[in-house]
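Student: Sequence:
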Amino acid sequence: MPEPARGVGNATLRRLRRSPYVIIGASLILLLVVVAVAAPLLTPMDPHRQDVWERYAPPRGLFVDGELNTTYVLGADELGRDVLSRLIMGTRVSLLVAFIATSISLLGGVLLGATAGYVGGRVDNVIMRVMDVLLAMPGILLAIAIVATFGPNIVNVMIAIAIVRIPAMARVVRSEVLALKEEEFVEAGRALGMSPMRILFRHVLINSWAPALVIATLGMGTAIVAEASLSFLGLGTQPPQISWGRMLSVGREAIRSAPHVTLYPGVAITLTVLGFSLLGDGLRDVFDRRLADR
1 MPEPARGVGN
11 ATLRRLRRSP
21 YVIIGASLIL
31 LLVVVAVAAP
41 LLTPMDPHRQ
51 DVWERYAPPR
61 GLFVDGELNT
71 TYVLGADELG
81 RDVLSRLIMG
91 TRVSLLVAFI
101 ATSISLLGGV
111 LLGATAGYVG
121 GRVDNVIMRV
131 MDVLLAMPGI
141 LLAIAIVATF
151 GPNIVNVMIA
161 IAIVRIPAMA
171 RVVRSEVLAL
181 KEEEFVEAGR
191 ALGMSPMRIL
201 FRHVLINSWA
211 PALVIATLGM
221 GTAIVAEASL
231 SFLGLGTQPP
241 QISWGRMLSV
251 GREAIRSAPH
261 VTLYPGVAIT
271 LTVLGFSLLG
281 DGLRDVFDRR
291 LADR
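Heads up: the sequence shown is residues 1 to 294, going by our numbering.
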């Protein structure tokens with residue numbers, strides 16, 4: 001029995017290494033994670049330091065008069081703060097919010113979807129009707145309502161994004177569990193007298209993790225956009241915390257005279273979402289059974 005499992009695992013690893021989407025997406029994400037972890041060491045200036053004489057200073061580049069420059073490489077914002085330093089520090093908040101929100105939605109979606117799919121009956125109807133109600137609401141409006149009700153701070157932003165993402169995760173896991181619970185290995189477990197919970201957690205869920213992982217990876221990009229949107233509206237991270245969405249918000253007033261203040265956070269958000277989208281698409285292709293058999 002161990003040999004086939006090892007063969008399947010090796011085949012999956014080979015497909016992962018050969019997927020250009022996985023390689024490019026994972027490389028982008030790894031770069032962002034390194035920047036987030038080493039942010040205090042990478043910032044050329046204090047991201048909170050203000051200098052009114054440098055308000056909206058244009059980007060000076062890495063080299064000035066042939067010498068290495070570390071001041072206002074990407075310009076300054078409305079308070080004379082270094083855009084590059086704030087961009088680097090903002091990586092931490094944006095990735096942290098996305099990771100925690102996605103982890104919460106993954107846990108909640110897996111538990112609700114697995115319970116609904118495996119138990120069935122009235123439990124399934126109640127859980128899925130609640131999920132349908134949440135899915136019927138525009139995600140950003142639901143997140144705004146939650147944050148506006150409980151107050152604008154980073155914790156409430158994480159919770160709001162997680163609640164918005166749970167229904168999609170639950171539906172995917174439920175459909176996978178519905179297909180797996182009729183498989184022969186599940187019937188064999190029942191015949192051996194295994195408890196329903198043991199069958200669910202030891203045999204069904206362990207075989208349905210691939211779709212959940214794909215949805216979670218794609219959801220990271222969605223979470224980053226949601227956090228940026230809430231921060232842009234003033235409902236996300238609050239000063240002195242730095243996030244890309246907050247940088248977009250404060251720079252919109254001078255978008256014509258100082259476009260660099262909003263340009264670089266926008267590029268950072270785009271590249272991050274692109275990285276998670278490529279990785280999610282690559283994982284979906286790798287784990288898709290129909291594509292894997294070709």
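There could be a bad hint or two in this list.
Stated by the list, open to error - Label pairs and their computed distance ranges (CB to CB):
hint	residue 1	residue 2	range
1	ILE140	VAL33	24 to 34 Å
2	VAL33	PHE201	22 to 32 Å
3	GLY80	SER175	36 to 46 Å
To be clear, the hints were calculated from the coordinates, so they are not data collected in a lab.
For glycine and all other residues, C-beta sits at the position ideal for the given N, C-alpha and C.
Student: Next, verify each hint and record whether it holds.
Tutor: Hints, verified against the model:
no.	hint	in the structure
1	ILE140 to VAL33: 24 to 34 Å	26 Å, holds
2	VAL33 to PHE201: 22 to 32 Å	30 Å, holds
3	GLY80 to SER175: 36 to 46 Å	53 Å, violated
Violated hint: 3 only; the structure is consistent with all others.
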